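> Each chain, letter by letter, is given below.
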Amino acid sequence: MKHVFHIVIGLFFSLLISVLITQNNINLFMGDADDFKKATIYFKQTTLETEADKFAAEKLQNAEKVKKISKETAIQDFKNTFGDFSKNLSELETLTDLVPLSYEVVFASLDDRKQFITAEAGHELVDEIVAIDQVFSRYSSLQKSLGAFTFILFAVSFLVCSLLTSLLIKNMINNDHRQIEIYALFGQSYGAIVKKYFKNLLSYFITTAVLSLVVVFAFYMIFKVKLHATPDLRFMSDRLTFLTVSQFLILLFSFAVAYFGGLYFVLKRSVLKSFQR
Amino acid sequence: MPILELSHVYKTYQNDRHALKNISFAANAGEFIFLTGHSGAGKSTLFKILSAQESATSGSVSVFDKNMNEYDHRNIHEYRRQIGIIFQDFKLIPEITNRANLAIPLNVLNKSKKEIDDEIQQITDLVGIKSSYLDEYPESLSGGEQQKIAVARAIIHRPKIIFADEPTGNLDKEASINILMILKELTKWETTVLFATHDENLMSKVQGKVIHLKAGEIESTTL
Numbered sequence: 043m044k045h046v047f048h049i050v051i052g053l054f055f056s057l058l059i060s061v062l063i064t065q066n067n068i069n070l071f072m073g074d075a076d077d078f079k080k081a082t083i084y085f086k087q088t089t090l091e092t093e094a095d096k097f098a099a100e101k102l103q104n105a106e107k108v109k110k111i112s113k114e115t116a117i118q119d120f121k122n123t124f125g126d127f128s129k130n131l132s133e134l135e136t137l138t139d140l141v142p143l144s145y146e147v148v149f150a151s152l153d154d155r156k157q158f159i160t161a162e163a164g165h166e167l168v169d170e171i172v173a174i175d176q177v178f179s180r181y182s183s184l185q186k187s188l189g190a191f192t193f194i195l196f197a198v199s200f201l202v203c204s205l206l207t208s209l210l211i212k213n214m215i216n217n218d219h220r221q222i223e224i225y226a227l228f229g230q231s232y233g234a235i236v237k238k239y240f241k242n243l244l245s246y247f248i249t250t251a252v253l254s255l256v257v258v259f260a261f262y263m264i265f266k267v268k269l270h271a272t273p274d275l276r277f278m279s280d281r282l283t284f285l286t287v288s289q290f291l292i293l294l295f296s297f298a299v300a301y302f303g304g305l306y307f308v309l310k311r312s313v314l315k316s317f318q319r
Numbered sequence: 017m018p019i020l021e022l023s024h025v026y027k028t029y030q031n032d033r034h035a036l037k038n039i040s041f042a043a044n045a046g047e048f049i050f051l052t053g054h055s056g057a058g059k060s061t062l063f064k065i066l067s068a069q070e071s072a073t074s075g076s077v078s079v080f081d082k083n084m085n086e087y088d089h090r091n092i093h094e095y096r097r098q099i100g101i102i103f104q105d106f107k108l109i110p111e112i113t114n115r116a117n118l119a120i121p122l123n124v125l126n127k128s129k130k131e132i133d134d135e136i137q138q139i140t141d142l143v144g145i146k147s148s149y150l151d152e153y154p155e156s157l158s159g160g161e162q163q164k165i166a167v168a169r170a171i172i173h174r175p176k177i178i179f180a181d182e183p184t185g186n187l188d189k190e191a192s193i194n195i196l197m198i199l200k201e202l203t204k205w206e207t208t209v210l211f212a213t214h215d216e217n218l219m220s221k222v223q224g225k226v227i228h229l230k231a232g233e234i235e236s237t238t239l
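These protein sequence lines are chains C and V, in that order. Quick note on this note's numbering: the first sequence kicks off at 43 and runs consecutively. Quick note on this note's numbering: the second sequence kicks off at 17 and runs consecutively.
Derived from the structure by calculation, the hints contain no laboratory data. Heads up, a few of these hints could be off.
[To be verified] Here are the simulated DSS-like pairs of lysine-lysine, each with C-alpha atoms no more than 25 Å apart in a straight line:
1) C/Lys121 - C/Lys156
2) C/Lys241 - V/Lys127
3) C/Lys212 - V/Lys107
4) V/Lys230 - V/Lys64
5) C/Lys315 - V/Lys221
6) C/Lys110 - C/Lys86
7) V/Lys64 - V/Lys107
8) C/Lys101 - C/Lys86
9) V/Lys127 - C/Lys237
10) C/Lys121 - C/Lys109
11) C/Lys238 - V/Lys129
12) V/Lys146 - V/Lys107
13) V/Lys129 - C/Lys237
14) C/Lys241 - C/Lys310
15) V/Lys130 - C/Lys238
16) C/Lys237 - V/Lys107
17) V/Lys129 - C/Lys241
18) V/Lys146 - V/Lys189
All figures in this text were calculated on a predicted structure; none of them were measured in a lab.
The task is simple: from the sequences and hints, build the whole structure.
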């Protein structure tokens with residue numbers, strides 16, 4: 043019974059830690075949320091810089107962040123990125139005609155961004171407004187689902203933990219019933235008996251929590267090392283984060299409440315029988 | 017001043033069975049009292065009330081100048097530490113050794129290991145328990161030897177009152193007299209003993225008050 047208890051509680055604890063880690067790192071794999079509130083406005087080659095600036099000043103007043111990428115900056119970025127290949131192009135002096143003036147805008151919300159695109163996509167100065175709508179909506183629903191899943195998992199874990207603790211204590215006390223009764227008859231205090239079970243269960247709790255954490259951390263490290271070994275994914279490995287201290291403490295505290303809550307009520311009821319007349 | 021006093025005690029169970037009716041008596045420190053009566057006369061019920069396993073339906077039970085109703089689960093251990101109980105069914109814990117069973121009353125008093133070992137040595141010599149039995153488990157002993165362990169456990173912490181419910185039921189004549197004499201000896205140190213038995217031969221061996229119960233009532237009291 044004790045082993046089953048350790049395994050099940052440990053599994054729930056590990057699962058919850060894993061979900062929290064996934065949630066911590068989801069942005070790493072899916073991109074930053076701000077990326078999806080972003081849009082890039084590419085102006086037509088015929089649009090003058092002053093016209094573009096005026097357009098931006100008028101239309102992007104409510105945007106969170108506006109970054110102008112002049113043709114010169116864009117060319118420099120292009121050169122930095124493509125090296126020798128870009129040099130040949132620039133020698134031909136075709137680059138200026140190829141690279142448009144653009145504005146990178148971070149909107150306050152997704153709705154703002156949508157409204158802007160709908161209203162301004164056909165503007166005479168604008169060539170194209172690029173955003174990643176579909177990915178964002180998929181990402182958004184994934185994040186919402188993960189949040190809901192975490193919550194449900196948390197609630198289920200909480201209940202399972204309380205229930206299992208109650209069952210374990212009940213089972214322990216049923217086995218020890220005769221001993222408790224005899225100790226009580228020879229003057230063992232109610233508090234001393236309850237304390238003994240609390241101490242035992244505390245050691246089970248610490249063992250289970252530490253083991254779960256170690257196991258999940260081991261898997262996390264294996265995953266991190268594997269990512270690091272893949273050159274294209276090395277940057278992900280560097281940015282991968284484990285549980286934050288506050289997350290771990292909240293998790294531990296919630297489990298402790300569920301665990302010792304179950305313990306307290308069952309213990310109180312069961313041991314009290316040996317002291318009632 | 018009596019150490020134990022019962023006044024008009026009644027015990028009625030849920031099925032309206034009256035286990036005790038109008039029981040009144042008192043016991044002084046160092047007094048030896050025999051409780052006699054046939055099975056079902058109320059001896060065990062009386063012991064259960066006196067050892068705080070059950071409470072009286074009405075009437076008052078005062079021990080050590082305190083009414084038993086004043087005890088609850090938070091302070092009942094204070095009372096139980098001052099008494100010693102010998103149960104009819106021994107109530108030894110089968111999962112632990114005889115030594116550990118003997119140590120229970122001392123463990124609850126937080127005695128050191130050395131004190132416990134010394135006390136166990138003294139009590140086994142006094143009651144006549146072979147030291148080789150100490151590290152065995154209760155079930156490996158005969159009924160008589162188990163009873164000796166139960167007696168030793170009840171007196172190891174030098175209680176002020178001993179409630180002995182048929183403590184010689186499984187012992188031969190010689191061992192029974194030995195246990196009786198040990199308990200009687202304790203009265204010299206002001207320990208009060210309530211000894212339930214229906215063995216009249218045994219009663220003739222020591223002097224003491226005899227309270228005879230019949231159908232839950234005191235039929236007679238002999239000094």
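> The structure should be examined with respect to each hint, and the outcome stated for every one.
Taking the hints in turn, this is what the structure says about them:
no. : hint                : in the structure
1   : C/Lys121 - C/Lys156 : 32 Å, violated
2   : C/Lys241 - V/Lys127 : 21 Å, holds
3   : C/Lys212 - V/Lys107 : 22 Å, holds
4   : V/Lys230 - V/Lys64  : 17 Å, holds
5   : C/Lys315 - V/Lys221 : 40 Å, violated
6   : C/Lys110 - C/Lys86  : 15 Å, holds
7   : V/Lys64 - V/Lys107  : 14 Å, holds
8   : C/Lys101 - C/Lys86  : 17 Å, holds
9   : V/Lys127 - C/Lys237 : 18 Å, holds
10  : C/Lys121 - C/Lys109 : 20 Å, holds
11  : C/Lys238 - V/Lys129 : 19 Å, holds
12  : V/Lys146 - V/Lys107 : 20 Å, holds
13  : V/Lys129 - C/Lys237 : 21 Å, holds
14  : C/Lys241 - C/Lys310 : 15 Å, holds
15  : V/Lys130 - C/Lys238 : 23 Å, holds
16  : C/Lys237 - V/Lys107 : 23 Å, holds
17  : V/Lys129 - C/Lys241 : 22 Å, holds
18  : V/Lys146 - V/Lys189 : 19 Å, holds
Of the numbered hints listed earlier, those contradicted by the structure are 1 and 5.
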